[in-house]
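Novice: Chains as they are written, first to last, in the numbering used here: chain Y, 39 to 222; chain F, 39 to 222.
Since the hints were derived computationally from the structure, they do not count as laboratory data.
Be aware that one or more of the hints could be misleading.
Since the list gives no way to pick out one identical chain from another, each pair is judged satisfied if it fits inside one copy or across any two copies.
Computed list of lysine to any residue pairs in SDA-like fashion (alpha-carbon distance at most 20 angstroms, straight line) [to be verified]:
(1) 133 <-> 81
(2) 199 <-> 172
(3) 145 <-> 85
(4) 133 <-> 108
(5) 98 <-> 124
(6) 133 <-> 89
(7) 215 <-> 83
(8) 206 <-> 97
(9) 133 <-> 106
(10) 133 <-> 87
(11) 133 <-> 107
(12) 98 <-> 82
(13) 133 <-> 80
(14) 145 <-> 67
(15) 133 <-> 82
(16) 215 <-> 197
(17) 133 <-> 180
(18) 133 <-> 39
(19) 145 <-> 102
(20) 133 <-> 121
(21) 206 <-> 43
(22) 186 <-> 154
(23) 98 <-> 123
(24) 161 <-> 141
(25) 161 <-> 72
Here the structure is a predicted model, which is why all the values come from computation and not from measurement.
2 protein chains.
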Amino acid sequence: MFEVEVKFRVSDVNDIVGKLRSFATYVGNDVEEDHYFNHPCRDFATTDEAIRVRLYGSGKVTVTYKGPRLSGEGKVRVEYNIDVDSASNTIGVLKALGFREIAVIRKERAEYTYGNYTIYVDKVNELGDFLEIETLTNDQGMVGELVKNIMGFARRNLGIKEDSVEPKTYLELILSKGQARGNE
Amino acid sequence: MFEVEVKFRVSDVNDIVGKLRSFATYVGNDVEEDHYFNHPCRDFATTDEAIRVRLYGSGKVTVTYKGPRLSGEGKVRVEYNIDVDSASNTIGVLKALGFREIAVIRKERAEYTYGNYTIYVDKVNELGDFLEIETLTNDQGMVGELVKNIMGFARRNLGIKEDSVEPKTYLELILSKGQARGNE
């Protein structure tokens, strides 16, 4: 299964939420705290992988591994998700294995659905407001088509322009901010 | 919390089970399939660590990390246990991170309790019958004393001699068997 996802920067989040409410189904709201780790002997920034422990406001904890992006446009990756019973033990194991915690990202996330799309409106600490539109496919050959469909949907239904696409992950954005601060 | 554990080789398992039934509480029986992995960039055989995905007959799945033994006598280690919802996703993540599966060990395990002891009678594929007696302590200074207590208990209550202590883990025993076969 491939996740096809496009992320956009949002300047007027109230406008977007108003439009979403008029046609999409509101699923729920959650607070998420993401702990990202780097590998003990390869640099995930180079290999374009990620390992993340996510703590939900509900108390649920998941571990996610994301493989390298398979396509430059949109974000298509192989992904594994595991529900676990303890964030502290999971982080304990990762650290014992030599994984280094490189960032913690906190966000408020509102989730909507519309047709085959899952739509997230994210307020991310230090980074601002974003919209993510996601769909799934078993057919990797469909990815380009699905990315185009997402773009068209965002333009027509939410008034979002292509130049507000944000190709970087939140982790990459947080790390590049840290580097920018380090360079000041 | 430190786990203090002594393992014994058993020649006459029916004799041991008969004795256990006369004084210990039978907890239950399970089948366990253990998948062991080696680290992508350090050799757990050298660092004396282990990462294991255990599938229980009940369908439960746990991940265990065991740190290096802190004491030669008995087996005292720092240990983390995590319940996970999917063995295949967990193994998928470990392999994607470069961990290599080095052995699968299947055993039938019967569990008993007596006082502060948990007692396991194990029938291990390729290795035979074993008895493990385990207790927990917060005080590392107590470990030597607790190992002595376990030895005395095994001798008095189960007629097991000190020379049947097996200091190796099942993983070490399986791997050394493989090496022995490789040398034939």
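Novice: Hint by hint, note whether the structure agrees.
Specialist: Each hint, compared with the structure:
{"no.": "1", "hint": "133 <-> 81", "verdict": "both (16 angstroms within a copy, 16 angstroms between copies)"}
{"no.": "2", "hint": "199 <-> 172", "verdict": "within (17 angstroms within a copy, 63 angstroms between copies)"}
{"no.": "3", "hint": "145 <-> 85", "verdict": "neither (25 angstroms within a copy, 38 angstroms between copies)"}
{"no.": "4", "hint": "133 <-> 108", "verdict": "between (28 angstroms within a copy, 18 angstroms between copies)"}
{"no.": "5", "hint": "98 <-> 124", "verdict": "both (9 angstroms within a copy, 15 angstroms between copies)"}
{"no.": "6", "hint": "133 <-> 89", "verdict": "both (12 angstroms within a copy, 13 angstroms between copies)"}
{"no.": "7", "hint": "215 <-> 83", "verdict": "within (15 angstroms within a copy, 41 angstroms between copies)"}
{"no.": "8", "hint": "206 <-> 97", "verdict": "neither (28 angstroms within a copy, 39 angstroms between copies)"}
{"no.": "9", "hint": "133 <-> 106", "verdict": "between (22 angstroms within a copy, 14 angstroms between copies)"}
{"no.": "10", "hint": "133 <-> 87", "verdict": "both (17 angstroms within a copy, 13 angstroms between copies)"}
{"no.": "11", "hint": "133 <-> 107", "verdict": "between (25 angstroms within a copy, 18 angstroms between copies)"}
{"no.": "12", "hint": "98 <-> 82", "verdict": "neither (25 angstroms within a copy, 31 angstroms between copies)"}
{"no.": "13", "hint": "133 <-> 80", "verdict": "both (15 angstroms within a copy, 14 angstroms between copies)"}
{"no.": "14", "hint": "145 <-> 67", "verdict": "within (11 angstroms within a copy, 45 angstroms between copies)"}
{"no.": "15", "hint": "133 <-> 82", "verdict": "both (16 angstroms within a copy, 15 angstroms between copies)"}
{"no.": "16", "hint": "215 <-> 197", "verdict": "neither (28 angstroms within a copy, 66 angstroms between copies)"}
{"no.": "17", "hint": "133 <-> 180", "verdict": "neither (38 angstroms within a copy, 27 angstroms between copies)"}
{"no.": "18", "hint": "133 <-> 39", "verdict": "between (29 angstroms within a copy, 18 angstroms between copies)"}
{"no.": "19", "hint": "145 <-> 102", "verdict": "within (17 angstroms within a copy, 30 angstroms between copies)"}
{"no.": "20", "hint": "133 <-> 121", "verdict": "both (19 angstroms within a copy, 18 angstroms between copies)"}
{"no.": "21", "hint": "206 <-> 43", "verdict": "within (12 angstroms within a copy, 49 angstroms between copies)"}
{"no.": "22", "hint": "186 <-> 154", "verdict": "within (14 angstroms within a copy, 64 angstroms between copies)"}
{"no.": "23", "hint": "98 <-> 123", "verdict": "both (8 angstroms within a copy, 12 angstroms between copies)"}
{"no.": "24", "hint": "161 <-> 141", "verdict": "within (17 angstroms within a copy, 45 angstroms between copies)"}
{"no.": "25", "hint": "161 <-> 72", "verdict": "within (13 angstroms within a copy, 42 angstroms between copies)"}
Hint compliance for this structure: hints 3, 8, 12, 16, 17 are not met, and every other hint is.
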